[in-house]
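I would like the entire structure built from these sequences, with the hints used as guidance.
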Amino acid sequence: MFKRLLIITLVYSSLFGQVEFGGYVRSYVGLRTGGDQEYAIIQNTLDLTLEGGSGSVSYFANPTIYQSPGSELDFDLSEIYLDMYFNNTDIRIGRQQIIWGKGDGVFITDIVSPKDLSEFLLADFDEIRTGITALKLNQYIGDQTFEFVYIPTFTASVFADTSSIWSRTPTFPVPITTDYSEKDIPATLENSEVFAKFSGILPFMDYEIMAGYMWDDDPSMHITPTFYGSPPALTEVTLAPQHHRLSVGGGSFSTELAGMVLRGEGAYYQGKQFLALNAMSYPIDLIEKDYFHYLLGLDFSIGSTRFSTQFIQQAIMGYDDMIVQEDAMNTLTFLTNRTFLRETLTAQLFAYVGLNKSDALIRPTLSYDLADGFEILGGANIFVKDADIADGDDPGQFGYYDDNDMLYMKVKYSF
Amino acid sequence: MKNFRLISTILILVGTLLGQPPSGLEIIENTYNRPTSKTLEANLSMILENSRGDQRVREIKQFTKEFGGVEKKLMVFLKPNDIKNTTFMNWSFEDGSEDQWIYLPALKKVKRISSDSNSDYFMGSDFTYDDLGDRHPSEDTHKVTGEATIDGHECYVVESIPVDEEYMYSKTITWVIKDKWIGYKKEFYDEDEALLKQLSLVNYAEHGEIIVLTEVKMNNVQNDHSTIMRLSDVEVNKDIADNMFTERMMKRGLR
Chain V
1167 MFKRLLIITL
1177 VYSSLFGQVE
1187 FGGYVRSYVG
1197 LRTGGDQEYA
1207 IIQNTLDLTL
1217 EGGSGSVSYF
1227 ANPTIYQSPG
1237 SELDFDLSEI
1247 YLDMYFNNTD
1257 IRIGRQQIIW
1267 GKGDGVFITD
1277 IVSPKDLSEF
1287 LLADFDEIRT
1297 GITALKLNQY
1307 IGDQTFEFVY
1317 IPTFTASVFA
1327 DTSSIWSRTP
1337 TFPVPITTDY
1347 SEKDIPATLE
1357 NSEVFAKFSG
1367 ILPFMDYEIM
1377 AGYMWDDDPS
1387 MHITPTFYGS
1397 PPALTEVTLA
1407 PQHHRLSVGG
1417 GSFSTELAGM
1427 VLRGEGAYYQ
1437 GKQFLALNAM
1447 SYPIDLIEKD
1457 YFHYLLGLDF
1467 SIGSTRFSTQ
1477 FIQQAIMGYD
1487 DMIVQEDAMN
1497 TLTFLTNRTF
1507 LRETLTAQLF
1517 AYVGLNKSDA
1527 LIRPTLSYDL
1537 ADGFEILGGA
1547 NIFVKDADIA
1557 DGDDPGQFGY
1567 YDDNDMLYMK
1577 VKYSF
Chain W
32 MKNFRLISTI
42 LILVGTLLGQ
52 PPSGLEIIEN
62 TYNRPTSKTL
72 EANLSMILEN
82 SRGDQRVREI
92 KQFTKEFGGV
102 EKKLMVFLKP
112 NDIKNTTFMN
122 WSFEDGSEDQ
132 WIYLPALKKV
142 KRISSDSNSD
152 YFMGSDFTYD
162 DLGDRHPSED
172 THKVTGEATI
182 DGHECYVVES
192 IPVDEEYMYS
202 KTITWVIKDK
212 WIGYKKEFYD
222 EDEALLKQLS
232 LVNYAEHGEI
242 IVLTEVKMNN
252 VQNDHSTIMR
262 LSDVEVNKDI
272 ADNMFTERMM
282 KRGLR
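Protein sequences appear in the order of chains V and W. The opening residue of the first sequence carries number 1167 in the working numbering; numbering runs sequentially from there. The opening residue of the second sequence carries number 32 in the working numbering; numbering runs sequentially from there.
One or more of the hints may lead you astray.
Unchecked claim - Here are the computed distance ranges between Cβ atoms for each label pair:
1. W:Ala272 <-> V:Ile1375: 45 to 55 Å
2. W:Ala272 <-> V:Ile1331: 18 to 28 Å
3. W:Ala225 <-> V:Asp1202: 21 to 31 Å
4. W:Gln253 <-> V:Val1195: 32 to 42 Å
5. V:Thr1510 <-> W:Arg286: 28 to 38 Å
6. W:Ala272 <-> V:Phe1477: 34 to 44 Å
7. W:Ala272 <-> V:Gly1218: 31 to 41 Å
8. V:Gly1308 <-> W:Asp182: 41 to 51 Å
9. W:Phe124 <-> V:Leu1443: 53 to 63 Å
To be verified - Sample of chain W residues facing chain V (criterion: CB under 10 Å; computed from the structure):
10. Asn74
11. Leu79
12. Asn81
13. Ser82
14. Val88
15. Trp132
16. Leu138
17. Lys139
18. Glu224
19. Asp255
20. Asn274
Just so you know, these hints were derived from the structure itself, not from any lab. Here the structure is a predicted model, which means the values were calculated and not measured. The beta-carbon is built from N, C-alpha and C at its ideal position, and this holds for glycine as well.
This is the structure in structure tokens:
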């Protein structure tokens, strides 16, 4: 059905020239460097953007087709929406990606659109977020904007399936059964989500203040143990992923100081379920706590080389010692890039560093524009695990994928 | 501003009548204070050409408006396709300070960027950000080194040496057309005082008393690379809405 609709749209548009086309064709190959040196990904992508309109109305659609050897074609419609422009008001209705906040590669107030983590955090920026069906209203007051978002049905983040090298499921020394019966949120008025933001770009400072009443995009794992015998021994666990309500309030800013851009972002989350140990020290309980998530970042240049660094902390309020996660999780990000040969060659290094577990993800890339719009990019994903972490201990969110070091190449033509 | 321009013109006129050529500072001030439009809308084509003759073309739609002491500029990138709909906004204040933002469609958000990058080259061209801006006359010391006639234009030749010794150029030499106060040719010298680049005026258009430079060519003589900047569909003093220079329009682009 989707294919037929797409073909009809393309033919109709070609004949009558009412649609402006854009997009890219990309070939992407990734090879794991450890173990059997298997291909982690071989993927060809056609990404189309179609847009048009007249005067005060317009439309936009972004269908994408993924092809991998030995697999069915995978279709995605990441965005399809209608815009209405009024004097000081814009309304957008449809499936859309909504991006907030001043942080890079971090999701603190940028929580309206859920994430696609099927490739962990490695997807391109425009592919790591999934679209949501929403009504977005923007009211403009000079250089300031009030934005209201209504999401009638909840969309969860996408995680890697269990056969993927990016899958991460809890491990127990007993059989596990998964119960998905409570995972979906019924599409009712009561279950809808709302977000609001007031923002401005002003001389010397930009700011955003936001609030949201939402579902946690990441499910909490409700774990039911089965004990048998005397003394009772754990014989089986049932995992039941469930999404819970969260209330969020926060904001962000960026300003220029002495040639550097200082950025900050923070949000207070109310009602998060944290995994905790039970009385027998099994990690099967959930404890509800509030937490504060924030970052401070600095962007600057030395000569022609650009740098950007961020310190990020997630701090649990009223911490309970039974909670598995530490009371404060600290992460650093570091980015540097420089262009050569008149901006046709770009060398870049990006890294996440987990300070609690001494783990990291390091991503060097080198890209070259062979012609306008034609880019060849080679890179590596290097996961670092603390060598002193004992077997069975949490190696951190980056250290967990220590076996997934990868070399990859992307060739992309934008049209 | 108008009073200042009038006084400068009168002083030069009086000096000329008395047989004294204007000073270097007066010439550069007159160039700097040449009448400009309150708004400008145009299509900008940037053609980059290397020593083998290979060309790369960048196309930009640009809007500029004067807001009583603040000049606001919005640039929407149209080509090449991988940067299509990227927008750049600049607010320049009278005290020389600037605020700059960029909107990248892939990121879907507006980012404030540092304005302290004036020595960087603009989109791989031979123009630095500083070359594209209006450098205030007080940032250099100026002296007239002579007069010359080029392509039939009678010009003053002015040598300008930056006050800031760390500036990227050690000096510039400008040929200013006498009766129009526009630079016809300019040479840029590097830190070793060797000729680095030559800027030539190829074409200009007169809209009443306003002169718009519609085509200029910058040639880097050290690496034999050049950039042509060509303005087309130029509209001066058009009624451009104030809200063109906002986050809203950066995200919306030309839609």
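Notebook entry, point to check: Among all the numbered hints in the text so far, which are the ones the structure does not match?
Noted result: Hints 1, 2, 3, 7, 10, 13, 18 and 19 are the ones this structure does not satisfy, whereas the remaining hints hold.
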